[in-house]
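From first to last, the protein sequence lines stand for chains S and Y. Position one of the first sequence corresponds to residue 1 (my numbering), numbered consecutively onward. Position one of the second sequence corresponds to residue 1 (my numbering), numbered consecutively onward.
FYI, nobody ran anything at the bench for these hints, they're computed from the structure. Please note that a few of the clues may not be correct.
What the hints assert, rightly or not - Simulated pairs of lysine to aspartate or glutamate, EDC-like, Cα-Cα distance not exceeding 16 Å: (1) Y/K130 x Y/D114; (2) Y/K43 x S/E89; (3) S/K347 x Y/D114; (4) Y/K172 x S/D539; (5) Y/K97 x Y/E45.
Small disclaimer: the values here were computed from a predicted structure and weren't measured.
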Amino acid sequence: MDQFNITKAPTVYDAVIVGSGAGGGMAAYILTKAGAKVLMLEAGGYYDPADPKYITQLKWPYESPRRGASTPLRSGGDFDAAWGGWDIEGEPYSSKAGTEFHWFRSRMLGGRTNHWGRISLRFGPDDFRRKSLTGVGDDWPIGYEDLKPFYDKTDRLIGVFGTNLPDFPNEPDGYFLPPPKPRLHELMLQKAGKSIGVPVVPSRLSILTQPINKERGQCFYCHQCNRGCQAYADFSSSSVLVIPAVKTGNLTLQNHAMVREVLTDQRTGLATGVSYVDTVTLQEVSVRAKTVILGASTCESARLLLNSKSPRFPNGLANSSGVIGKYLNDSTGAGRSAFIPALMDRKRYNEDGVGGMHVFTPWWLDNKKLDFPRGYHIEYGGGMGMPGYGFGGGVENLNGQIPGRDGKMKPGGGYGASLKDDMRRFYGAYVGMSGRGEPVPLESNYCEIDPNGVDKYGIPTLRFHYKWSDYEVKQAKHMQDTFEEIIHAMGGIPLGRKPGPEQNYGLAAPGRIIHEVGTVRMGNDPSKSALNKFQQAHDVKNLFVVDAAPFVSQGDKNVTWTILASSMRTSEYLIDQVKQKNI
Amino acid sequence: MKRRDSLKAISISSLGLAVGPAEAAVPEPAPKPPIKIPGGRLKEEAERDARLNAEKFFTPHELQTVTVLSDIIIPADTRSGSASQAGVPAFIEFMMKDQPRSQTPMRGGLRWIDNVCTKRYGKPFAQCTKAQQIELVDQIAFPSKVAPDMTQGAAFFSQLRNLVMTGFYTSKMGIEDLGYMGNVPNQWNGVPDDVLKQYGLSYEPSKAEEARK
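In isolation and in its complexed conformation, chain S is listed as follows (with noise of 0.2 Å):
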């Protein structure tokens, strides 16, 4: 490969999509079904959740040597569906001197659908217009009514369990299949929930509690989604989008492209198609399209856009603005765990249930009484579960703190006969919990292009400029406080310290969370936006944007079912707008 050849392909596509996880996988089921003739580009290689060459799910630790450590090359450890991970060999990024941020990416069919907890809450009403109750932040330019339909389609196509919860407006009604039932800690946490009025309710997921059509099976409460289900039980976008897709014989899949650029007429200033480098031959390749939309993630679609570069946009496509980059934001997020003494030498019985939490807390709290403007909702975890790398690890400062079959206390560490019987006694007795919550968008918070920095594509990389303000630690303290709380009302011990101001309150890295949004955000005014309320550009008809990047903000709620339902929108409003020849 001496030649630095670019291949043109012949054929000029209806749609190219960029990315292959919720967004450009929505996208393409859309459009395919609908008869345009559509090209996904996808970074990474193939994947298939059914085929014995990627199934992970039902492997015991022992089959792998590490017993399911992360590793560089999979950071969700050996048996977890997503490749990649923080960091990925040859496409660095780079943080600002004293910022943070943590890029989370996966390069294969289906992005970091194969890596998420399958949590599937719909946006509320409140969560679209939160300066107008708050005065802090931005009104979308839409409303709940404008999703909703997209939603009630999204439960339909996809599937997810739930319950409507009438007790709580901002989280709406959907169309739910039944909720597993809770487990034993999980009673308890409503319990104990029940008592000090913190509300523990079904939660939503998007798993298949019963069947809903012939191409996907139903859940087998194996409690491994992060792996992939071989059943198709789950949503992940290869599954339950792209392969059906492919199946409709209009969509062309082109793995391992790497999209470099978004190709413009300078004449119309219409986009035209993009290029990309084959990261196997790596042939640059240039392919057409009528409509070009960009699914490749909030930081990757920025990056994108930020390096088209043309005469006619010099500060990037679509970026008349220069909103491109900025508001980035991740949720919140803070943890803690507890050993509850009650639950010691349990009776064992499968309990692995489906792949999360069967209970969940949603923001019950009103925001004008505290001290800082967002909520949080809170993810619980325990139960006697698989053991895996890490299991037993600082037994040391826990078996201290409970007395022994003899009702006496003992140093905590120590061997032999008697921490063989601590590991029975204790199994299956701790409970975690993690706030995610909503921060509030900065324009202080941004990704850019690093004038310094090339992937080895030689693709300019990303540099990261993110810090949280007081809201959001003020948030993770409330959790922390609440977290004790909870694991008080059940007799709990909390494991660890609880971290005080001077670890943030144990509030996470930017990034960490791994729910990013914001970066191409879109508005009424296309002097403080780049797209339009359809997620179309303002600078550009033919362009779109289906991933997070649109949003201006992200509730407290994680927002891959509103990536699914926006892009379904997105891409009726395109089917739309051809039909009327507008585009």
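Position chain Y against the provided structure of chain S, taking the given hints into account.
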């Protein structure tokens, strides 16, 4: 002049070395033998594991010491076997290569123990009597009551204990010892009735279910 020829000319004239074309300056690496990729692994992962498995970290003496210590931490009893019977030393050997940051604390810790034992008992740890071994372990196995001159030993012992615990309880033997019953396709129908009763809990009908009645 063609590009290749000019490079050749540069290398010869400027360095005075009689080398061949530029390509020859960096010889092609020997082709890698084809590797079997197990299900669920990427090629890069299979290659990395094969490379790690081909390396050796512990010396025979170190491995012997690790084995003795592992079996002190997890001995056999009536329900299950010992750490070494569950393959724990081999797991620790692998982890040293997989996570090289652990190597110095492990190697140094083993050396620390041998040094203390040699001073006290005239022999390295593995060659001491069982009573001597336990006498030493008792002084480093409980971090909250460790003597000031033994803290490094306690830190090492905690590191080793963590590895032994994970190694044992993620083995088939350890999983059976704990009584974990999952990782099989099943239908979750909730907590068994007798367990609900034991904890005084019940499944209350939800508001939605009540409304339907």
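Hints, one by one, checked against the model:
no.	hint	verdict
1	Y/K130 x Y/D114	14 Å, holds
2	Y/K43 x S/E89	15 Å, holds
3	S/K347 x Y/D114	43 Å, violated
4	Y/K172 x S/D539	60 Å, violated
5	Y/K97 x Y/E45	14 Å, holds
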